[in-house]
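Novice: Chains as they are written, first to last, in this note's numbering: chain A, 7 to 239; chain B, 7 to 239; chain C, 7 to 239; chain D, 7 to 239.
Warning: the hint list may mix true and false statements.
To be verified - For each label pair, taking beta carbons as the anchor points, the in silico distance ranges come out as:
1) B:Lys60 / D:Tyr235: 44 to 52 Å
2) B:Ala143 / A:Asp8: 51 to 59 Å
3) B:Arg161 / A:Glu169: 32 to 40 Å
4) D:Ser186 / B:Ala28: 34 to 42 Å
5) B:Val209 / A:Glu169: 31 to 39 Å
6) C:Glu70 / D:Asp147: 49 to 57 Å
7) C:Gln163 / D:Ser12: 52 to 60 Å
8) D:Tyr56 / A:Glu168: 47 to 55 Å
9) B:Lys60 / D:Glu57: 36 to 44 Å
10) C:Glu70 / B:Val209: 41 to 49 Å
Everything labelled a hint here was simulated from the structure, so no lab data went into it. Predicted model only: the values in this text are computed from it and were never measured. All C-beta atoms, glycine included, are put in the ideal place defined by N, C-alpha and C.
There are 4 protein chains.
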Amino acid sequence: MDPYKSLREEAYEANMEIPRRALALYTWGNVSAFDRQRAILAIKPSGVAYEALKVSDMVVMDLEGKKVDGKLNPSSDTKTHIVLYRVFPGIAGVTHTHSTYAVAWAQARRSVPVLGTTHADHCTHPIPCTEYISEEALKHDYEQETGNLIVATFRSQQLDPEEIPMVLVAGHGPFTWGASAAKSVYHAAVLEEICKMAYLTGVLSDDIKGLPAYIVQKHYDRKHGANAYYGQR
Amino acid sequence: MDPYKSLREEAYEANMEIPRRALALYTWGNVSAFDRQRAILAIKPSGVAYEALKVSDMVVMDLEGKKVDGKLNPSSDTKTHIVLYRVFPGIAGVTHTHSTYAVAWAQARRSVPVLGTTHADHCTHPIPCTEYISEEALKHDYEQETGNLIVATFRSQQLDPEEIPMVLVAGHGPFTWGASAAKSVYHAAVLEEICKMAYLTGVLSDDIKGLPAYIVQKHYDRKHGANAYYGQR
Amino acid sequence: MDPYKSLREEAYEANMEIPRRALALYTWGNVSAFDRQRAILAIKPSGVAYEALKVSDMVVMDLEGKKVDGKLNPSSDTKTHIVLYRVFPGIAGVTHTHSTYAVAWAQARRSVPVLGTTHADHCTHPIPCTEYISEEALKHDYEQETGNLIVATFRSQQLDPEEIPMVLVAGHGPFTWGASAAKSVYHAAVLEEICKMAYLTGVLSDDIKGLPAYIVQKHYDRKHGANAYYGQR
Amino acid sequence: MDPYKSLREEAYEANMEIPRRALALYTWGNVSAFDRQRAILAIKPSGVAYEALKVSDMVVMDLEGKKVDGKLNPSSDTKTHIVLYRVFPGIAGVTHTHSTYAVAWAQARRSVPVLGTTHADHCTHPIPCTEYISEEALKHDYEQETGNLIVATFRSQQLDPEEIPMVLVAGHGPFTWGASAAKSVYHAAVLEEICKMAYLTGVLSDDIKGLPAYIVQKHYDRKHGANAYYGQR
Chain A
7 MDPYKSLREE AYEANMEIPR RALALYTWGN VSAFDRQRAI LAIKPSGVAY
57 EALKVSDMVV MDLEGKKVDG KLNPSSDTKT HIVLYRVFPG IAGVTHTHST
107 YAVAWAQARR SVPVLGTTHA DHCTHPIPCT EYISEEALKH DYEQETGNLI
157 VATFRSQQLD PEEIPMVLVA GHGPFTWGAS AAKSVYHAAV LEEICKMAYL
207 TGVLSDDIKG LPAYIVQKHY DRKHGANAYY GQR
Chain B
7 MDPYKSLREE AYEANMEIPR RALALYTWGN VSAFDRQRAI LAIKPSGVAY
57 EALKVSDMVV MDLEGKKVDG KLNPSSDTKT HIVLYRVFPG IAGVTHTHST
107 YAVAWAQARR SVPVLGTTHA DHCTHPIPCT EYISEEALKH DYEQETGNLI
157 VATFRSQQLD PEEIPMVLVA GHGPFTWGAS AAKSVYHAAV LEEICKMAYL
207 TGVLSDDIKG LPAYIVQKHY DRKHGANAYY GQR
Chain C
7 MDPYKSLREE AYEANMEIPR RALALYTWGN VSAFDRQRAI LAIKPSGVAY
57 EALKVSDMVV MDLEGKKVDG KLNPSSDTKT HIVLYRVFPG IAGVTHTHST
107 YAVAWAQARR SVPVLGTTHA DHCTHPIPCT EYISEEALKH DYEQETGNLI
157 VATFRSQQLD PEEIPMVLVA GHGPFTWGAS AAKSVYHAAV LEEICKMAYL
207 TGVLSDDIKG LPAYIVQKHY DRKHGANAYY GQR
Chain D
7 MDPYKSLREE AYEANMEIPR RALALYTWGN VSAFDRQRAI LAIKPSGVAY
57 EALKVSDMVV MDLEGKKVDG KLNPSSDTKT HIVLYRVFPG IAGVTHTHST
107 YAVAWAQARR SVPVLGTTHA DHCTHPIPCT EYISEEALKH DYEQETGNLI
157 VATFRSQQLD PEEIPMVLVA GHGPFTWGAS AAKSVYHAAV LEEICKMAYL
207 TGVLSDDIKG LPAYIVQKHY DRKHGANAYY GQR
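Looking at chain A on its own, in the form it has when it is part of the complex (with noise of 0.2 Å):
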C-alpha cells in the first residue's frame, strides 16, 4: 500500500489538466497537492511528457527539499513550491505554466488591472507583477528566491494572498494556489484567461480606467463573501 496514494492521485490528476487546458506546450508546467497535517507535498517529475505521466511517477517531497519517496527527479521549480506553502496559510496547492497571455504580461512586466467582471469573479486587485529577480538572489538559489521574491512582492503590497491567488513572476509566467491541487490549476486557466481578455480590452481602448470598485466587490462577493450565493452551498 502507498500511503502517499491520494496525495499523488490529486496532485496526478491536476496536472493533466494543463495540457487539456492547453496552459503549456510539452513539460513546461508542474502542480503539487499539500498535505499540510503531514507537512509533504507530491509534486510532477521534472521534464516528464504529460502523455507518460503516472500516478506513481509524482514525486512526494518534504518541507526541507528532501524527497520522501519516489524514483524520478521533482519538478526543478520544487523549491519555489515549498516557499508557498510555508508562507501562505492555508493553501493546498501550487501551479507553474507557462500560458501565454500570462507569459507576454511577465514579460512585460505589467500587472493585470481589473477591467472587468471575469476577474473580479475570483480576485478584487490587479494582478501582481514582481521585479526581476536580482542577480545576487538568482546566485544565492534560484527556485528558493523566486519564492521569496513572490512572498516580498505581496508582503511589500500588502497584499493577501488568499484573495490573490496568483503572480506574475517578471520575464518568467504564472504562479498560482488555492486551498487544492485542482483549485490552483483553476486559478492558472481563470489567469490565462484573464490575461487574454485584458490584452484585447487594452488594443481596443488606450483609456482603461478599470472596473469601479462597487461593481469588483460585489463580484467578489457573491462568489467569495460571507453572504456569497453563487454555485449550490
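Fit chains B, C and D to the given chain A structure using the hints.
Specialist: Frame of chain A; chains B, C and D shown alone:
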C-alpha cells in the same frame, strides 16, 4: 412524469452549446428557456460544471423569481433573465456568457459598429454597450438591475430588442436572446464572432466608417425581411 | 440512378471542408462544383447546417439560375457563383466563406500585400479587395451584381483570375475559385492563413514593403510554372 | 528488409508532428532525419498530404542530393536540409514549417529578442532573421542558397548553431534543427510559441529591453549546462 420535461430539455441542450462552442470556461455562462404561456422558465443551476450537467438539473422558476421545481439553486443571473422575459415581447430564450472578444468590447465599454455583412445578416445596428451599473442600482438588487440597465439602454436609444438580440453590459459581458433558447445561444456565438472580426478590423484600419446603410439593410432583409429568401421556407 | 451523383459528391465533399477547417460558423459558407460540358453546377442548399447535410441535398442549377434537380433552395449566393463560371475561363469550383481574418481585411477594405512565400506559393499579386457594391447595382440584383463587381475589379486592374484565384468583397468577405470544387475550398483555407499572417506582420512592422519580385516569381514558378518541381508529377 | 527502415520511421514520426501541433496547413512543411555515419537522410516526399503519408514514402537521399532509395520526389527543400547537415556539426534532424507567428516575424524581417525564460530555456540569443536571399543566389540554386544564406547569417554574426537551433528566413519562414528529427520538430513548436509570446509582449509594451543576461544564462544552464538539473538524468 415531469410536466417541465420538454422545457428542461430545451434549456439543457442550449446550455450544452456553451462549452461546445467555447463561449465560456468552466461554469461561466447560462441559458434559460421560457414558456410564455405558463410563464415559467427553465435555467441552468448555479455553479454546476457542464460535464456534470443533467436535464433534470435544470431549475424551473416563475416570473416572480420563485422556484417552481428543481433541487438545485438556479443561476445567480436568473433575475436578469426574468426582467428580459417580462419586458421584451416575443423572446423565449436568454443566454449569458463570458466569451472572450465580447467581454473585451464590454470591458472597453465600446459599442460594436456594423462593419460588414456578418453583422448585418443578424442585426442592422451597432451592438449597444450599456453604461456601468450605478452604485445605487447595484446595492438595490444587482441582478434585477442588470436587467433593468439593459432595458433602459434599449429604451433611451430607441432600439428594438427583436432587431438587436444582443447587448454588452459594460465591464461585464454579453447577454443575448431570441425566439427560443437555441436561438439565444446562436446569437451568443454570432456576437463573439462579430466582436472578433470587428476587433481585427480595427487593428487593420483606424478609419472605419462602417458598412453603407443600403448594404446593411439588404443583408438583413435577405434573412429576416418580408421577402426574405435565405434558407428553406 | 442520379445523373448528377458525382457532381453532387464533389460539391458535398468540398462543402464539408468548411466546418472541418473552421472557415465559417453554422451555415455561413457555400461551395459549388461546376460541370462545364453540361453547363450545370451543384451547390449547397441555403441555410442547411453542415452536420445535417447530405450528398442528395446538393442543388443542381443551370447557368440561367434555374433549378435542374433537387428539392431544396440553392444557396442565396448562387448567382454570384454563376457569374464567375460564365466569365472566368477554366474554373470548375467556387467557394464563399466568412473566415475571420479574410473578413477582417474585407471589412477594412484593404488588399492583402505579398509579404511572404506562403502567399507567393499561391499567387504573385496582392489579393484584391473590391469597392463597396453600389446602391444601384445592389438594387438591381444583389448576388448577380456581386459577381459582376468581382469581374469588374479583375478587369479594371487587369488581373488574371487563374493567377489570382481569390478576392475580397469589401464589407463582406472572400470568394475563391479553382480548377475543381476541392481546389476552390483549398484556396479559401490558404487565403485565411495568408490574411492571418499578413495581419500579424502588419502589427510587427509598420514599414512593410513586401517580398521582392524575384522571390515572389520563384516561389510561384516552383509550384505552378512550366518547370515546376514541387510535388509529384 | 529495408536497410533504411529505422531512419524512415524516425523521419515519418517527426513529420507527423507537424499536423499534430498545427505547425503548417496541408503539405507545407517537411522534416528530415540524418544518419551521419552513412551520410544519408530520409525526408518527406514533396506535396504529399500528411493524412496519406506512409513510412515507406520517406525518400532517402545522399549529401550530393542524389536519391538513394524511394519512389517519390523528395521535398523541394531537400537541398536546404543538406547544406545544414554538411555545415552544422552534430545535427541529425532539420524541420521547415510555415507556422503562423514564426512566419509573421520572418515576413516582418525581425529577429526575436529574448524576452523571457521560455525563450532562454532553449536558446540564449535572439532568434536571428536572415536578409532576403539575393537575386543572384536565387537564380543560382534557390534551395541550396537558402541553406547557404542561413549558414552565412550564423557565421557573420558569430552564432553557434548548437546554441541557437533555429532561424527565420526573411520573407519565408522558420528552419529548425537538433540532435534528432524529433528534436528539430520540437524546436519548431518551441519557436512558434516563442514568436507568439514575443508578438503579444510587443503589443503590451513598446519599451521592451529584454530579460537580463544573468536570468537568460541561468535558465539555459538549468536545462543545458554542465550542471543541468532539469529532467531525469
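Novice: So, for every hint listed, does it hold in this structure?
Specialist: Verification of the supplied hints:
1. Separated by about 48 Å at the C-beta atoms, Lys60 of chain B and Tyr235 of chain D satisfy the suggested range of 44 to 52 Å.
2. Range check, Ala143 of chain B to Asp8 of chain A: about 56 Å between beta-carbon atoms, so the 51 to 59 Å window is met.
3. Remark: the range hint 32 to 40 Å for Arg161 of chain B to Glu169 of chain A is upheld by a beta-carbon distance near 38 Å.
4. For Ser186 of chain D and Ala28 of chain B, the Cβ-Cβ distance of about 35 Å falls inside the hinted range of 34 to 42 Å, so the restraint holds.
5. A hinted range of 31 to 39 Å for the beta carbons of Val209 of chain B and Glu169 of chain A is consistent with their spacing of about 35 Å.
6. Roughly 53 Å separates the CB atoms of Glu70 of chain C and Asp147 of chain D, a value that falls within the hinted 49 to 57 Å.
7. One distance hint, 52 to 60 Å for the beta-carbon pair Gln163 of chain C and Ser12 of chain D, holds here, with the actual separation near 54 Å.
8. The supplied range of 47 to 55 Å is met by Tyr56 of chain D and Glu168 of chain A, whose beta-carbon atoms lie about 48 Å from each other.
9. Distance hint check: the CB atoms of Lys60 of chain B and Glu57 of chain D are about 37 Å apart, consistent with the given range 36 to 44 Å.
10. The hinted window of 41 to 49 Å between Glu70 of chain C and Val209 of chain B holds, with their beta carbons roughly 43 Å apart.
Figure legend: structure checked against the earlier numbered hints; every hint is met.
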